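Asker: The primary structure of each chain is shown beneath.
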Amino acid sequence: MEYAYYPGCTLKQSAFPLDRQSRKVLRALGHGLTEIRDWNCCGATSASKLDDFLEVAMPARNIGIAESAGFEEMLIPCSACYSKTVVAKTRMNRDPRLKQEINSELAHQVRGEIRVSSILEPLFDAARSRELGQRVSRQLSGVVAACYYGCMLTRFPLDVDLRDDAENPGFMEAVLEAAGGTSLDWQEKTFCCGASATVYDRETALDLMGRIFSDALARGANCLVTLCPVCQMNMDAYQEAYCSRLGRSRRLPVLFITELVGLALGLGYKELYLDRHFVDPAPLLREMERQQETEAAS
Amino acid sequence: MQEQTAFQVSGDAARELSAEIAGRSEQPIASCYQCRRCAAGCPVGEATGYLTPDRLIRMVLLGDRKMALNNDLVWRCLSCYTCGTRCPNGIHTSRVTETLKQMAREERLEPLHPKTDSFHRSFVKTSLFWGRMNEVGLMAAYQARVLWSCLKRRDFREMRSEISSQTRFGLSLFRLGRLHPGWTVSRGRRELGRLAAKSGRHSR
Ligand code: SF4
Ligand code: SF4
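So the sequences go chain by chain: X and Y. When we follow this note's numbering, the leftmost residue of the first sequence carries the number 1, and every step to the right adds one. When we follow this note's numbering, the leftmost residue of the second sequence carries the number 299, and every step to the right adds one.
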């Protein structure tokens, strides 16, 4: 499938590994990604706090560009960009006057027909059709993952068509298991990490992250797996801070799902930028290799 | 006694405020029956204490404008959408907190959590200006606002701690090669600028 690809600002900066991994993994699964031309910031979670019109207008321009380039589906790895684009499209389709008002300023008009997907959708489809399983060259044995969805992947401030379950989603687990990993049932998979509150309300955010981490650890996870660049950054970069508040000495690497799928598809450690984490995932990878050797020997 | 109070305040003020907020936020707040499913799932409940989403809705329905426009939940709400996903009546309190923040800004109230306000303003301003969000530019704009307000309050301790924690974070990103030196810009900033002018509320 040929997708219109929207990376978003974070994926061009601190979360650039997610951009590179997404491209590589989807290419390995036989998909094509075309980055939409001259895309702009979606406004993330800030625009709606200032202005209801801008909340829709900012992602609208990107939708218009993707649609006028003739694409049927738009693929967005960042959860916040994905959510905001879905919200903008839904609100414009519900309110033709709003759509028209926005269109009157846009060079590329919004029709509002394009499908907007996170990258979890093609990954899940590949898992379900067994295609992912067939392409796996390195089983993820030894990976015991707490799949962490956060807020923006499954909950929306209005009614949208959602393929996964909002309260107990399972797409990430299905993908990991198709790649030979183990996933856990746990409590906090959709609990909020605090998002940008780490900047302006840090104590509150650290409490939330501590709660997520503690549950994952108590269930026996050896890594957290996520898709949202904000969740990944928060849970990884602030791990020292929230763990020391809780007096915990164990650390868990926080990986993008694309990193694990990439490994399973045979992509290399450096190629996936696995060396760019605050909590080093190297011990987990050694554990993986050890398990694979024992499996091969037996 | 309690009931009578509730009936008394449902006068003009209450009708006016609930209609305004229901209209702007597009939420059916009048159908709230105080079941508190929203409260049970709100992640900031421990930080806001008494003030849970159900009580915010109640406050609006009773017409307490001053409280509703500037309280801890309005400023601490993370827009996690848990309350709205669970509400049996389809009320998204996150939309209500957004509307209340916008109204507080329009009425030029001093925000209860100035740092939160500074962050979102800096985000939208810089993103509209460049057409894209530049992490370094955003943090510089945000820090400038925060440090300026520290300076006005002569709070030098807070100033020092802000500078040192942001510098430490920036350095650790740099060491991991995750701090981006380049600048990312979209020509779409012109179209965005026109759209922003159309809406006109954001720049205050
Ligand atoms: S869940 Fe809905 S109906 Fe129940 S108290 Fe909250 S807002 Fe009201
Ligand atoms: S959206 Fe806001 S009010 Fe609702 S549960 Fe989340 S933090 Fe609480």
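Check before you lean on any hint, since a few could be wrong.
What the hints assert, rightly or not - Not close to chain Y: a few residues of chain X, all C-beta gaps over 12 Å, as computed:
#1 E72
#2 V144
#3 W186
#4 D201
#5 S214
#6 L246
#7 E289
#8 E293
What the hints assert, rightly or not - Calculated cross-link-like contacts (lysine-lysine; reagent style BS3-like; alpha-carbon spacing at most 27 Å):
#9 X:K12 x X:K24
#10 Y:K423 x Y:K413
#11 Y:K450 x Y:K496
#12 X:K12 x Y:K364
#13 X:K12 x Y:K450
#14 Y:K364 x Y:K450
FYI, nobody ran anything at the bench for these hints, they're computed from the structure. Treat the numbers as computed from the prediction; the structure is a model and nothing was measured. C-beta atoms are modelled at their ideal positions from N, C-alpha and C, and glycine is treated no differently.
Asker: Hints first: check each against the structure and report whether it holds.
Answerer: Cross-check of the supplied hints:
1. E72: 22 Å, holds
2. V144: Fine: 25 Å to the nearest Cβ keeps V144 of chain X off the interface.
3. W186: W186 of chain X is indeed farther than 12 Å from all Cβ atoms of chain Y, at 16 Å.
4. D201: 6 Å, violated
5. S214: At about 14 Å from chain Y, S214 of chain X clears the 12 Å cut-off, so the statement holds.
6. L246: 15 Å, holds
7. E289: Fine: 23 Å to the nearest Cβ keeps E289 of chain X off the interface.
8. E293: 30 Å, holds
9. X:K12 x X:K24: At roughly 15 Å apart (the allowed maximum being 27 Å), K24 of chain X and K12 of chain X satisfy the hint.
10. Y:K423 x Y:K413: Within the cut-off at roughly 15 Å; holds.
11. Y:K450 x Y:K496: 33 Å, violated
12. X:K12 x Y:K364: 42 Å, violated
13. X:K12 x Y:K450: Since the Cα atoms of K12 of chain X and K450 of chain Y sit roughly 36 Å apart, the hinted pair is violated (cutoff 27 Å).
14. Y:K364 x Y:K450: Cα-Cα ~26 Å, so holds.
This entry does not satisfy hints 4, 11, 12 and 13, going by the numbered hints stated previously.
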